[in-house]
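Single-letter residue listing:
There are 2 protein chains.
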Amino acid sequence: MSEPRTFLQELLDAGLFIDTGVKGLYARSGAFEHLISGIDSAFAALGAPERPEVVRFPPGMNRRHFEKSGYLKSFPQLAGTVHAFCGSHHDHQDLLGKLAEDEDWTGGQAATDVVLTPAACYPLYPVVAQRGPLPKGGATFDLQSYCFRHEPSDDPARMQLFRMHEIVRLGASDEVVEFRAAWLERGQALINRLELPFTLDLANDPFFGRGGKLMAAGQRSQQLKFELLVPIRNDDQLTACLSFNYHQDHFGETWGLRTHDGDVAHTACIGVGLERTALALIRHHGFDVSAWPTGVRRTLWGEG
Amino acid sequence: MSEPRTFLQELLDAGLFIDTGVKGLYARSGAFEHLISGIDSAFAALGAPERPEVVRFPPGMNRRHFEKSGYLKSFPQLAGTVHAFCGSHHDHQDLLGKLAEDEDWTGGQAATDVVLTPAACYPLYPVVAQRGPLPKGGATFDLQSYCFRHEPSDDPARMQLFRMHEIVRLGASDEVVEFRAAWLERGQALINRLELPFTLDLANDPFFGRGGKLMAAGQRSQQLKFELLVPIRNDDQLTACLSFNYHQDHFGETWGLRTHDGDVAHTACIGVGLERTALALIRHHGFDVSAWPTGVRRTLWGEG
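Chains A and B, in that order, are what the protein sequence lines are.
For the first sequence, our numbering gives the first residue as 1, with consecutive numbering after it.
For the second sequence, our numbering gives the first residue as 305, with consecutive numbering after it.
What you were told as hints is all true, and nothing was included just to trick you.
Straight-line Cα separation of at most 25 Å, DSS-like style, residue types lysine-lysine; simulated pairs:
#	chain 1	residue 1	chain 2	residue 2
1	A	K213	A	K73
2	B	K402	A	K213
3	B	K529	B	K517
4	A	K225	A	K213
5	A	K225	A	K73
6	B	K377	A	K98
7	B	K517	B	K372
8	B	K402	A	K68
9	B	K372	B	K529
10	A	K23	B	K372
11	B	K529	B	K377
12	A	K98	B	K517
13	B	K327	A	K68
14	A	K68	A	K213
15	A	K73	B	K402
16	B	K372	A	K98
17	A	K225	A	K68
18	B	K377	B	K517
Simulated DEER-style distance windows between Cβ atoms:
#	chain 1	residue 1	chain 2	residue 2	range
19	A	G97	B	G412	23 to 29 Å
20	A	D154	B	H564	33 to 39 Å
21	B	H338	A	H90	45 to 51 Å
22	B	T503	A	G256	44 to 50 Å
Everything labelled a hint here was simulated from the structure, so no lab data went into it.
Please read these numbers as outputs of a predicted model, since none were measured by experiment.
We put the beta carbon where it would ideally sit given N, CA and C, even for glycine.
The task is simple: from the sequences and hints, build the whole structure.
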C-alpha cells in the first residue's frame with residue numbers, strides 16, 4: 001500500500017505551490033496569490049475603523065535596529081543576516097575557484113547593514129520613536145511584509161519566507177490592553193466568517209537555549225501571547241494563524257517610546273500569517289475555490 | 305543661501321518615504337504603495353494578451369540555483385547571501401557578549417540555503433527546466449518580486465530592496481526575438497500614456513572587475529540589452545525604468561531548457577522597476593496625485 005499523499009504534495013500536484021529545491025521556500029501560482037490578497041484585504045478591513053497609518057517596509061531592516069531590538073537574545077536561531085562580497089579582483093578569482101571546485105565560497109561574505117525582517121512590526125518601533133512622543137490617544141499602524149525565519153521544514157505551514165499582516169498599537173497601557181481585547185474578538189469573528197475550526201489558546205514564543213523555558217513560562221503566566229490555532233497539516237497538529245501579543249513596555253523601554261503624557265509607551269500587535277490562513281482555507285474547503293461556501297468567498301473577495 | 309532640497313529629502317518630507325537609517329532602505333506610505341499597485345497593474349495588463357502564467361516567488365531563492373546561474377561571475381558585488389546562527393548555548397553567550405561590547409558578532413553566522421533574489425526571473429529558469437521541454441510555441445511567465453542589490457546609495461531610485469515586475473519569454477530564438485521587439489514598442493507606449501519624458505538606449509549590465517568592460521562591450525555590440533530611461537533624481541541623470549533583455553541561449557544552456565523541437569531554448573525578459581517608475585511619476589507630475597493628468601490616472605487606476 002502506498003503512503004497517503006501529504007498536504008504539501010497535494011499543493012505541489014495542484015500547482016498552487018512550485019518546488020524550489022529548498023524546504024520552506026516555494027513559488028506560488030496566481031490562484032494562490034489571489035487567495036492571499038483576499039485574506040490580506042479582509043484582515044485590513046477589520047482594522048479600518050481604527051484608521052491605522054499604513055506603512056510598508058521592504059523585507060529587510062536596519063541591522064543596528066535589529067541588534068538593539070533584543071531579538072538575538074531570544075531567537076538567534078531564526079534570524080537571517082544579509083551578507084555581501086566586498087573584495088578585490090583577486091578575492092573574486094578565489095571565490096570563483098572555490099565555486100568551481102564545489103568548495104564553500106561563502107566564508108568571505110561580509111555582513112551588510114541589512115537583516116531580514118523577523119516579524120512585520122520589528123522595523124516600526126525605532127521609526128516611530130524618531131517622531132517624538134506619541135499623539136494623544138496613541139497611534140495605530142497597518143503593516144504587511146515578508147518575514148524570514150530560519151526553520152527549514154516539510155510542513156507547508158512553516159515557511160522560511162512568508163507574509164505577515166499586522167495591526168500595531170502604541171499608547172498608554174490601558175489603551176493597548178483594550179486594543180488587544182477587542183482584537184481577540186475580531187480575530188475570532190473573522191475566522192468564524194471564513195468557516196474554519198479553531199482554538200484560541202495561551203502561547204509562548206520559541207525562546208532559544210537554557211533560559212528559554214523560563215522566559216516562555218513567564219510569557220504564559222502573564223498572558224502576553226494568545227494564538228488562534230487551526231489544524232492545517234493534519235487533524236492532530238494545530239498551527240497558529242493569528243497571534244495577539246502584548247509587549248508591555250518592552251519596545252517602549254528599548255526605543256524610548258513615550259506617550260503624550262511622557263510615560264513609557266506600551267505596545268501590542270495582532271498578526272495574521274497570510275500563507276497559513278490560505279492553507280487553512282484550502283485544507284478545510286478544498287482545492288476548488290469556486291465550490292467554497294458563499295460567505296467565505298464574500299468575506300475574501302466581496303463576491304456573491 | 306541654503307542648499308536646494310534633494311528629491312530624497314522631498315520624498316521624506318512629504319511622508320512618502322520613511323527613513324530607516326540605512327541608505328537605499330526606506331519604508332513607504334500607503335499613498336506611495338497605491339501608486340506602486342497602479343504601475344504594477346498597468347504593466348501586467350500590457351502582458352495580458354499573451355496569457356502569461358503568473359508565478360510569484362518569495363524574495364529569496366535556492367542558493368544552489370543562484371550559484372549555477374552565473375550571477376557570481378558577473379555581479380558578485382551586488383548579491384546578498386542569507387546567513388544564520390547555527391551554534392550552541394556557549395556560542396550564543398559569546399555572540400551576546402560581542403554584541404554587548406559593540407564588537408562584530410557576525411563572524412559566526414553560517415550561509416543558509418537561501419540567497420536574496422537578484423532579479424525577478426533568476427529563480428524561474430531552473431523551475432521551468434524541471435518541467436521538461438517547453439510546449440509548442442514556448443512559454444511566457446508573469447513574475448513580480450522584491451530584489452536585493454548591495455549598492456547603498458543616496459539616490460532614491462537606487463534602493464537595496466526594490467520590486468521588479470517581469471514578463472519572461474522562453475522559446476525558439478525567433479519567437480523570443482519577436483517578443484522583445486513587440487515589448488520595445490509596448491513599453492514605450494506605456495510610458496507615453498504615463499506622460500513621462502524618456503530615452504530608449506542600448507545598455508549593458510554593471511559587470512564586475514577587470515573583465516567587466518569586455519563583457520559590457522560584447523553585450524552592447526550584440527544589442528542584448530535596451531533600457532528605457534527617465535530623468536528622476538535630477539534633469540541631467542537618466543535612470544532605467546524598464547529594461548528589455550535578450551539572453552540568447554545563456555539560461556537555456558545553463559539549465560538545459562529545451563524547446564518542443566529539442567533545441568536549446570532562448571530567453572528574454574522585460575522588467576519594470578516599480579519604485580523607479582513611481583518616483584518618475586512623482587518627479588514629473590508632482591506630489592499631488594489628484595492633480596495628475598486624467599490620462600495618467602486612468603492608465604494607473606482606471607479612473608476618470
